[in-house]
Amino acid sequence: MTLLETRRVTVPLRRRDTALRRRVGGRAGYLFVAGYTLFLFAFGVFPTGYAFYLAFTNELGQFTGLNQFVRVAKDYRFLPAFEHILIYLVLWLVTLVVLTVLSAVLLRSRVGPRTSALLRFLYYIPGALAGVASVLVWLFMLDPDVSPVSWLLTALHMDTFAAVLQPGNLPVIFMLIAFWTGAGGWIVVMYGALNTISDEVIEAARMDGAGPWRTAWSVQIPMVRQWIAYMTILAFASGTQLFVEPQLLQTASLGRIGLTWSPNQLAYVFAFQQGDFNGAAAISVFLLAVGLIAAGLLVSRSSMFRLDEK
Amino acid sequence: MRSSGSPTEQHRRRRTTTFGALALCAATALLAGCASADPTPGGSHGGSDTQAPSFEPVRQKPGSEITVWTDSTRLPSVQKYQKAHPGVKMNVVTYDGGADGSTYLQTKVQLFDRVGKGWPDVVFGTPNDTTWASQPTKPGANPFAAPVDEDGLVPQATLNGFAKGSLTPCQYGGHTYCLRNDIAQVVLWYNKKLMDEWGYQVPTTWPQYEALGRKAAKEHPGYLVGSVGDTNSQESYFWSSQCPAFDQTRPGTLRVDLSDSRCTRMSSLLDGLISAKAVSKQGFFSQGFAKNSGNKVLAAVGPSWYGQYLFKTAFGIPAKQMAAAAPLTWPGDKAPATGNVGGGVWMVSSHSANLKASADLTTWLTTSNDNQASAPTYPAYAPAAKAWLGNPANSEYFADDVSGPFEKAAQSVWTGWATTKFSDATAWSGVVLPALTAGHSLTSTLPAWQKSISDEARAHGYRVINK
Numbered sequence: 028m029t030l031l032e033t034r035r036v037t038v039p040l041r042r043r044d045t046a047l048r049r050r051v052g053g054r055a056g057y058l059f060v061a062g063y064t065l066f067l068f069a070f071g072v073f074p075t076g077y078a079f080y081l082a083f084t085n086e087l088g089q090f091t092g093l094n095q096f097v098r099v100a101k102d103y104r105f106l107p108a109f110e111h112i113l114i115y116l117v118l119w120l121v122t123l124v125v126l127t128v129l130s131a132v133l134l135r136s137r138v139g140p141r142t143s144a145l146l147r148f149l150y151y152i153p154g155a156l157a158g159v160a161s162v163l164v165w166l167f168m169l170d171p172d173v174s175p176v177s178w179l180l181t182a183l184h185m186d187t188f189a190a191v192l193q194p195g196n197l198p199v200i201f202m203l204i205a206f207w208t209g210a211g212g213w214i215v216v217m218y219g220a221l222n223t224i225s226d227e228v229i230e231a232a233r234m235d236g237a238g239p240w241r242t243a244w245s246v247q248i249p250m251v252r253q254w255i256a257y258m259t260i261l262a263f264a265s266g267t268q269l270f271v272e273p274q275l276l277q278t279a280s281l282g283r284i285g286l287t288w289s290p291n292q293l294a295y296v297f298a299f300q301q302g303d304f305n306g307a308a309a310i311s312v313f314l315l316a317v318g319l320i321a322a323g324l325l326v327s328r329s330s331m332f333r334l335d336e337k
Numbered sequence: 031m032r033s034s035g036s037p038t039e040q041h042r043r044r045r046t047t048t049f050g051a052l053a054l055c056a057a058t059a060l061l062a063g064c065a066s067a068d069p070t071p072g073g074s075h076g077g078s079d080t081q082a083p084s085f086e087p088v089r090q091k092p093g094s095e096i097t098v099w100t101d102s103t104r105l106p107s108v109q110k111y112q113k114a115h116p117g118v119k120m121n122v123v124t125y126d127g128g129a130d131g132s133t134y135l136q137t138k139v140q141l142f143d144r145v146g147k148g149w150p151d152v153v154f155g156t157p158n159d160t161t162w163a164s165q166p167t168k169p170g171a172n173p174f175a176a177p178v179d180e181d182g183l184v185p186q187a188t189l190n191g192f193a194k195g196s197l198t199p200c201q202y203g204g205h206t207y208c209l210r211n212d213i214a215q216v217v218l219w220y221n222k223k224l225m226d227e228w229g230y231q232v233p234t235t236w237p238q239y240e241a242l243g244r245k246a247a248k249e250h251p252g253y254l255v256g257s258v259g260d261t262n263s264q265e266s267y268f269w270s271s272q273c274p275a276f277d278q279t280r281p282g283t284l285r286v287d288l289s290d291s292r293c294t295r296m297s298s299l300l301d302g303l304i305s306a307k308a309v310s311k312q313g314f315f316s317q318g319f320a321k322n323s324g325n326k327v328l329a330a331v332g333p334s335w336y337g338q339y340l341f342k343t344a345f346g347i348p349a350k351q352m353a354a355a356a357p358l359t360w361p362g363d364k365a366p367a368t369g370n371v372g373g374g375v376w377m378v379s380s381h382s383a384n385l386k387a388s389a390d391l392t393t394w395l396t397t398s399n400d401n402q403a404s405a406p407t408y409p410a411y412a413p414a415a416k417a418w419l420g421n422p423a424n425s426e427y428f429a430d431d432v433s434g435p436f437e438k439a440a441q442s443v444w445t446g447w448a449t450t451k452f453s454d455a456t457a458w459s460g461v462v463l464p465a466l467t468a469g470h471s472l473t474s475t476l477p478a479w480q481k482s483i484s485d486e487a488r489a490h491g492y493r494v495i496n497k
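Taken in sequence, the protein lines are chains L and D.
Under our numbering, the first residue of the first sequence carries the number 28, and numbering increases by one thereafter.
Under our numbering, the first residue of the second sequence carries the number 31, and numbering increases by one thereafter.
Since the hints were made in silico from the structure, they are not lab data.
It is possible that some hints are incorrect.
[Stated by the list, open to error] Footprint (simulated), chain D over chain L, 3 or more residues, beta carbon under 8 Å:
1) 93-100
2) 182-191
3) 212-225
Treat the numbers as computed from the prediction; the structure is a model and nothing was measured.
Note that the Cβ used here is the ideal one computed from N, Cα and C, for glycine as well.
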């Protein structure tokens with residue numbers, strides 16, 4: 028009797044409770060995203076909109092169409108800056124993708140759990156250093172007078188700091204700094220992604236005769252390709268924004284690196300040395316367009332957001 | 031399996047084509063329809079480069095607080111003034127706009143001009159800062175720097191007391207927009223102790239200098255008579271050779287002709303000395319130089335501040351060894367000419383509500399013996415320079431009296447090397463120095479240097495002449 032009564036009462040209560048929870052949960056959800064949304068609009072959407080406004084107008088606020096873009100693209104520093112960043116991005120993305128995925132696969136398959144945990148922790152440490160601190164570490168490493176690897180620099184015919192910072196070496200130097208700072212975190216993420224692949228799948232591959240490399244190439248990597256695409260998109264976006272590293276090396280090298288090595292530096296010079304905020308905005312919109320096109324290509328090619336494959 | 035000809039796919043394709051066509055139409059309309067609006071900054075109404083904008087002070091508030099931006103080196107001077115003038119309300123801010131140059135001031139002023147407030151009343155900066163500060167940063171804005179020769183802010187008699195040519199970078203459109211704090215006239219430094227020991231004569235001409243370098247390199251390998259590897263080496267050598275690298279023939283027009291014989295005579299001389307290993311491609315201020323070669327500098331062509339800051343502090347050369355000689359001359363040149371490596375300026379803001387207090391401070395900082403006699407670098411104001419040279423702290427380190435060479439050099443700075451809106455160091459450091467490191471000769475790099483200066487000048491709105 029009690030049971031029956033309880034059932035009669037409980038069912039509507041549960042429904043009400045669920046409905047209430049849904050309502051409250053819904054509100055809580057909005058509350059949680061409200062802060063993010065607010066900051067997204069304040070520091071993301073609004074500045075982007077303002078950049079578009081500046082890029083399509085002149086300093087009198089007159090609409091100039093695409094003329095600002097044409098003008099900055101004709102600037103003698105524009106193509107070299109984009110060429111520098113392109114070479115750097117190719118080096119950085121290839122190195123990042125190959126080495127992070129390889130390291131994660133090795134950590135997942137060939138290293139014991141304790142060693143793997145220790146290595147993942149060690150990988151993560153450089154990423155915890157702020158960008159500026161990372162560059163300072165590298166300034167120390169790249170100066171043959173104080174570097175612990177001065178023997179290596181000397182062997183490569185780089186006896187002085189000036190020789191290390193020759194223009195042709197810069198993309199490699201920035202790639203090293205970026206890899207050292209950012210790759211560790213991505214190895215940990217890739218390791219996590221590989222952990223989502225069930226042991227049965229790996230076991231089935233092994234039963235079918237696949238060795239470790241075949242398993243990695245044909246099973247593991249295809250199954251985490253969306254993560255790889257995600258990493259590439261974010262690394263590409265951050266790579267196009269390269270600013271702190273060349274700016275600090277410019278100062279440390281006493282001007283041997285140009286003030287406009289990267290497009291972001293060029294935009295900075297336009298804005299704050301030439302007082303040309305419209306031109307600076309046009310360069311920023313160029314960068315945004317390049318980032319969006321690259322992201323679009325990666326998303327479409329990797330089927331990143333295709334739900335039926337998840 | 032995908033069907034390329036499915037209705038959905040066809041619909042998608044049609045949609046994509048439509049969007050593409052619309053985007054193309056929009057882009058064409060944007061390009062074609064708006065060509066009349068000038069995208070160039072200041073293009074439609076930028077002020078004439080020959081006329082100084084008229085100066086109208088803001089409403090003055092006598093006795094109001096003035097904000098002073100100074101670099102850390104000049105901070106003790108400002109504090110000294112503050113102590114001696116307790117009635118003047120001052121807000122002193124230290125910033126990184128030292129004589130080495132910084133774009134911080136320019137950046138901030140551009141932002142202040144956009145929001146219409148925030149300008150400091152008095153600032154220490156570089157001569158390059160005056161080039162932009164004497165003109166509006168945007169249409170409708172007042173130039174940041176006030177003309178100090180107007181409204182009796184600084185008497186003409188005071189302005190006349192500055193070393194010859196030292197106020198040239200401050201002058202624009204017939205007005206003076208800054209007071210020069212110090213100059214860095216280039217002299218010939220030499221190690222008197224070594225020269226005496228080896229029986230060498232102090233050169234007075236560039237050919238003698240070249241011969242000294244070759245002789246020293248042969249008889250005492252490793253010893254140097256100079257360096258071209260610093261950010262400012264071109265100011266020591268090419269400015270002293272009267273090379274038309276930054277020849278402002280008229281306001282807004284820059285002549286950059288590095289094929290001129292006054293440039294090639296210097297590059298050839300230096301190439302010879304670099305090959306002989308008598309002149310270093312590494313900078314005096316580059317990493318490791320002080321440790322490895324600091325005590326092997328027999329001579330150096332450089333600014334007056336080399337004495338205390340390079341030889342004494344950085345290289346640790348003992349006292350009574352280094353001496354200065356007057357600038358070197360070229361055979362056939364009627365008068366000696368030399369370069370200038372640095373030197374800061376004080377500017378008064380045109381937005382200041384207390385111009386009198388701001389001008390008084392600026393005048394005191396640059397001309398007062400109380401301040402300048404103990405200043406770290408050679409004062410631009412001639413009477414204060416006398417007091418500076420009379421201070422034993424500025425001369426006791428040297429083997430000889432440096433007064434004569436310093437004064438002669440101060441009056442010999444060549445005014446044909448203009449202070450431009452951009453730094454003369456960028457092209458030298460970014461193009462010439464990497465080429466030298468890669469093994470190219472200085473002479474072979476002159477065309478690339480010329481192109482780099484010309485490109486930069488055009489980007490800053492100059493008309494460039496290359497002949």
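Results for each hint:
no., hint, verdict
1, 93-100, "holds (count 5)"
2, 182-191, "holds (count 4)"
3, 212-225, "violated (count 0)"
Hint violations for this structure: number 3 only, all remaining hints satisfied.
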